[in-house]
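If you read the sequence shown in my numbering, its first letter stands for residue 2, the second for the next number, and so on.
Please note that a few of the clues may not be correct.
[What the hints assert, rightly or not] With a straight-line cut-off of 25 Å between C-alpha atoms, the simulated BS3-like cross-links for lysine-lysine are: (1) Lys380 x Lys404; (2) Lys404 x Lys490; (3) Lys228 x Lys271; (4) Lys177 x Lys380; (5) Lys404 x Lys499.
Note that these hints are calculated values from the structure, not bench results.
Just so we're clear, the structure is a prediction, and the values are computed from it rather than from any experiment.
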Amino acid sequence: MRRSARFHSQYPAVVEAGSVSGDRPTRRLTFEEAWGRGLRLANGLLALGLEPGDRVGVLEDNTLESVDFFCGTAAANLVRVPLYPRNGRDAHRHMLSHTGCRAVVVSQSHADVATGLEAEVESLEHVVVRGDDYEDWLAGHPDTDPDPPVAEDDWYIIRHTGGTTGRSKGVGYTHKTWLDAGRDWFYNLPPVELGDVCQHAGPISHGSGYLFTPMWLSGGVNLLIPKFDVDEVIEIMEQERVAYGFLVPAMLNAIVRHPTARDRDWSSLKCIQIGGADIADDTALLARDVLGEVLYQGYGQTEALPITMMGPREWFSEVEGSNPLRSAGRPLPFGDIEIVDQVTGDPLPLGEEGEIAIRCDGQMSGFWENPDATAERMKDGWVLTGDIGRLDHNGYLYVLDRKDDMIISGGFNIWPAELENVLTDHPEVVEAAVFGVPSDRWGESPYAVVTVAAGATVTAEQLIELCAERLGSYKRPVAVELTTEELPKSPVGKLARKSLREPHWAGRDRRVAGN
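Make a model of the complete structure from these sequences and hints.
The structure is reproduced here in structure tokens:
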């Protein structure tokens, strides 16, 4: 990152998109300016007593200041721990606590959520709020490079994934695995040229963040869009002549169905990378018709990515014995895929259905300080994804179902246990089962069946609001079905979510949905 800032010093590096109305101006930085701000933040954090290797949380939206943190933590060799704005306070507290964060940086818009966290998280010593005095605070620190030693296997970032017991798990990337993931992500994409613009319409704390570093290293421009509003995004994409971008299917669907989409100038587009959830055939075909031959699809997960990628010529082609349109692409050269027996873990012949196992350079070495979860998901260097799929004789991967009940809604992972724990906390709820149902807008949405005590007065609406309050609005169930009957169980007494889920998926050939 330092080298790129040096060689591209006067070229544009970062744009924070303003509002189309002009109420919020567009802000732009060169590489020299962006890296200088990052160095000031690095020195500001080190002045608090932090040391290389310490974990630092961050709660923010896509803004110019988020680039200060992206650059500054790298320059100081501090470990980024992104918090997710759509999560509730309990989730923030857990992520900070179990990673041992000594500090957290919070944007002004989320300051109320962070108030008092230092009293609730034992390791937390500093809460840095980017308030009105942030620019003065930043300017008060030098832009000299602290230049600490950085080893390939030093931790770089800890991202979080859902937990089957309701607690999210930390997935740690080293400097090397983060670079490897970015290399593999761009391996089959059109080459990045100096000045190419990459839009981040989704948060760089999530999937879009994997594109930030490769664009920076290649002299590209990272365009940050603070909030996804389709009217604004489609205007910004045209005005800024976007070449690259990462979109979950729900975002792509909204863009290509916008009434002005066909009238826009998309000639600058090279690659729109689709990921984070399954995509419906009609959305992919419509997007190709509207945007042109620019769609790329990949497969992976926070624990190991990417492992497949395919471009538009392959995605929409006809291949004897295969159906690329319904597939997730073919394996990249720096990784391996096996379909394994769900019970024995043994590799299965081509064409048979089983659990998808991945081995790639951009994979975790384990869950952060969670050896039991690591042992469950990693076997002999392979990551077990929890997805059910098959490989055909041409190497195309088809994702058919989920082994572990995870719901992917609009690109966000939602674990049933998270919601079930909240629902059963209500005194009138006896038990709860949560599962994914098809959604035209989000691909999938959580749905709950809840057993309540006789004479209970709690309403479905109250339980939905309870989930939103505790976990964040995007995790609220789309509906809660109340019953006084006992929920179905397996022979060993576990909730039989799949038997409740099955009627909602009748007539579909896959148990994962796209939008």
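Results of checking the hints against the structure:
Annotation: proposed proximity of Lys380 to Lys404 holds, straight-line Cα distance about 16 Å (limit 25 Å). In summary, the hint linking Lys404 to Lys490 is supported, as the alpha carbons are separated by about 17 Å, within the 25 Å threshold. Distance check on the hinted pair: Lys228 and Lys271 sit about 23 Å apart at the alpha-carbon level, within 25 Å; holds. Simply put, Lys177 and Lys380 have alpha-carbon atoms about 21 Å apart, close enough for the 25 Å limit, and the pair holds.
The straight-line distance between the Cα atoms of Lys404 and Lys499 is roughly 10 Å, inside the 25 Å bound, and the hint therefore holds.
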